[in-house]
Amino acid sequence: MTALLKVEGLAKAYPGVVANDDVSFDIAEGEIHALLGENGAGKSTLVKMIYGLVRPDSGRMVLRGQPYTPAEPRAARAAGVAMVFQHFSLFDALNVAENVALGMENPPPMGHLAERIRAVSEAYGLPLSPERLVGDLSAGERQRVEIVRCLLQDPRLLIMDEPTSVLTPQEVEILFATLRTLAAEGTAILYISHKLEEIRRLCDRATILRRGRVVDSCNPREKSAAQLAEMMVGAKLSVPRRAASAPGEVMLEVAKLSLPSVNPFGTSLRGISFIVHRGEILGIGGVAGNGQDELLSALSGEAIASAGTIRLFGQPIGALGPGARRRIAVLSAPEERLGHAAAPDMSLTENALLTAAIRQGLAERGFLKWPAARAFAQKVIETFDVRTPGPGNVARSLSGGNLQKFVIGREVLQKPEVLVVNQPTWGVDAAAAASIRQALLDLAESGAAVVVISQDLDELMEISDRFAALNEGRLTPARPSRGLTLEEIGLMMGGAHDMEVPHAVG
Amino acid sequence: MDLSAINPVILTASLMVAATPILLAAIGELVVEKSGVLNLGVEGMMIAGAICGFAVAVETGSPALGFLAAALGGAGLALIFGFLTQVLMSNQVATGLALALFGLGLSALIGQRYQGVKPPATARLDLGPLSDIPVLGRVLFSHDPMVYVSLGLVAAVWAFLRVTRAGLILRAVGEGHDAAHALGYKVVRIRLMAIAFGGACAGLGGAYLSLIRVPQWTEGMTAGAGWIALAIVVFASWRAGRVLLGAYLFGGVAVLQLNLQAAGVPVPVEYLSMSPYLITIIVLVIMSSRRGRAAVAAPASLGRVFHASS
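Protein chains in written order, with UniProt numbering: chain B, 1 to 506; chain L, 1 to 310.
Hints were generated in silico from the structure; no laboratory data involved. Idealized CB from N, CA, C, for every residue including glycine. Possibly wrong hints are sitting among the right ones.
What the hints assert, rightly or not - Part of the chain L face toward chain B, derived, beta carbon under 8 angstroms:
{"id": "1", "residue": "Leu11"}
{"id": "2", "residue": "Gly167"}
{"id": "3", "residue": "Leu168"}
{"id": "4", "residue": "Arg171"}
{"id": "5", "residue": "Glu175"}
{"id": "6", "residue": "Gly176"}
{"id": "7", "residue": "Ala182"}
Stated by the list, open to error - Which bits of chain B does chain L cover? Going by a derived footprint, with three or more residues having C-beta under 8 angstroms, they are:
{"id": "8", "stretch": "64 to 75"}
{"id": "9", "stretch": "100 to 114"}
Construct the complete structure from the given sequences, taking the supplied hints into account.
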């Protein structure tokens, strides 16, 4: 196979950090090449340089034998390099055709473009209707828009950044079938993902980055997921361990909880019922946007429901606000770290005060007890190995994984009876994710009831005792996690609906 | 009270004249907000345009050069705002308010020599036989050129936003600046152009007041027209056609209020002068209490600071 893209000695430094240092690798035509690494290993910077969003400090790239120095994404697209982004690349208020047109160099007139979108999306088994507003699409459909946008430009190299994080297992199958078809047609694919099993199934070769440098490359099919993870981290990973125990009494009981969504693009909750026992972790899966945020708000008290729908030890608590629920030890950690779980521009001490003031007695007669608050923040930092110079630093200055450890740790240290977390390890590197999961397991073992809402099925299978899935605001009955197959999970998640079997895909 | 003194034909014709300054300012602000920038300094840019246009028209004797200078003056002031908010990333609300006050002060300074001066008259557009059509001719075809320029601008902005690629890119920048940046569009440059266009339109609106509508220079003569223009953009839920409707509605209320006063309607004058502002508030309350698509009509990145993080 001939090399399509050769990257030689690429380096990029930002003030204070070296994002990439002497990175070299190459991609062959028709190859599916994985780029592996923890958060902050320099994967994003590397692909941004290939896509022309960031200019390298030194090094060179060769595309199809020609020197390749894209000054901007436009030049990269013209050279046949396309990219599907993880976030931030679609416009909710514009329709599919307009979104596609924005990512193309010389889009044909709208009517003609709509025809081509239909044709290409049918050919690759990704049905799409060009007139729909992107804001109304599911996560899987949004990704189709991005892929179709790239395909319309006949790319030679397709870069995919974490494409499966928002998809159901069935949607992942469709995507993989499409990618394999593309590879068979000679398109090279640079695939970035945290999901090692997927990389083992899909990719021909993997380049592993650690702290901005290429540390290894391998054929992922010949390695186990654990071996790949160790290559990424550069150390042995401790797998969260759980002690098997019989479930205790019923602590949290939710019965026929229905709540309209406050957000016009949100999902209303419809008749949600479940129970959680002492010492148990209930995992709630589902594709993003099926009511996860709304369920967390209802359980945390941000959204008030009718009293009897949520009960703690049989006492109705549905009508209590967040403060009152914290007082009775029902705590929560929402998904969005910056702006929901933590105030970005306030210090860690202040953020600790915001949720822990009541239970930790950090305020008295309306006055703050700063030394106590600082000590509590310091305790969270030490117990959960949060890497930051100190509790005086603002939340925004922490990396995603470290801030997530702080946010979860802050709640865990308040000794909750019930803890509800949404996406506890989203965008967190492997080592931090393992320690967060361990903390949740330990908390359950110490006698709390834990509800983990997550889109990461591997995570839910690893730590939850029972599993239920959210689908358009409804919750399936919970089933024991042990022994569930991927297919069963997919069906629970409603993977069968809003999907079509890929046709014209071999 | 003698309502028969109100002539609907003259009322309609004068409504168009009264609405033109706010229509010009509002259509410019619409483009600015569509690009995701909230410039609250419309009042300042209008009055800067009013004095720039007035001064140049008086010095050169040419109203056309006056309008050109007004557009340049408004755009210049707007670009100060653009530099502060887009390059130095200052807060848009605070900067916009400061711009409004700065424009008022600056125009008063420049205008000291022009108090009581009479500007050169702007000729009405001679549309020949069209102007002689009864009723319609008086209402539609007997205005000065700027009325038609303003209507043309509304149509042009509508078409620009709806069918051109540049308009699509502008809307995309306003809907999601991070996504637009990721696709390689120059967010800051596009926004600066939109801001300059908005300033030029506001300047034209101001000059229309000082050169045609009033026509003379007095300090603070825009008297809140810039704020009304801002309200109209929201009232119109960011659509060009509705901006026209809103501007004519507010212009109509203003003219009707004068006519009713003249006819001796026994309602205190203050109520009538309050009415356009009250209607704005009521419409805003109705609009924001309605959920669904109307509530999300605002450009998603409106007023948010863009920081290129690549």
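Cross-check of the supplied hints:
1. The interface hint given for Leu11 (chain L) is violated, since its Cβ lies 38 angstroms from the closest Cβ of chain B, which is over the 8 angstroms cut-off.
2. With a cut of 8 angstroms, the hint placing Gly167 (chain L) at the interface with chain B is violated, because the nearest CB-to-CB distance is about 10 angstroms.
3. Restraint check, Leu168 (chain L) versus chain B: the minimum CB separation of about 6 angstroms is within 8 angstroms; hint holds.
4. Checking Arg171 (chain L) against chain B: minimum C-beta separation of about 7 angstroms stays under 8 angstroms; hint holds.
5. The closest approach between the C-beta of Glu175 (chain L) and any C-beta of chain B is roughly 4 angstroms, which is under the 8 angstroms cut-off, so the hint is satisfied.
6. A cut of 8 angstroms between beta carbons decides the hint on Gly176 (chain L): the least distance to chain B is about 5 angstroms, and the hint holds.
7. For Ala182 (chain L), the suggested interface contact is upheld, since its CB lies about 5 angstroms from the closest CB of chain B, less than 8 angstroms.
8. Only residues whose C-beta sits within less than 8 angstroms of a C-beta in chain L count toward coverage, and the stretch 64 to 75 of chain B has 3 of them, enough to reach three; the restraint holds.
9. With a cut-off of 8 angstroms between beta carbons, the stretch 100 to 114 of chain B has 4 residues touching chain L; three or more are needed, and the interface restraint holds.
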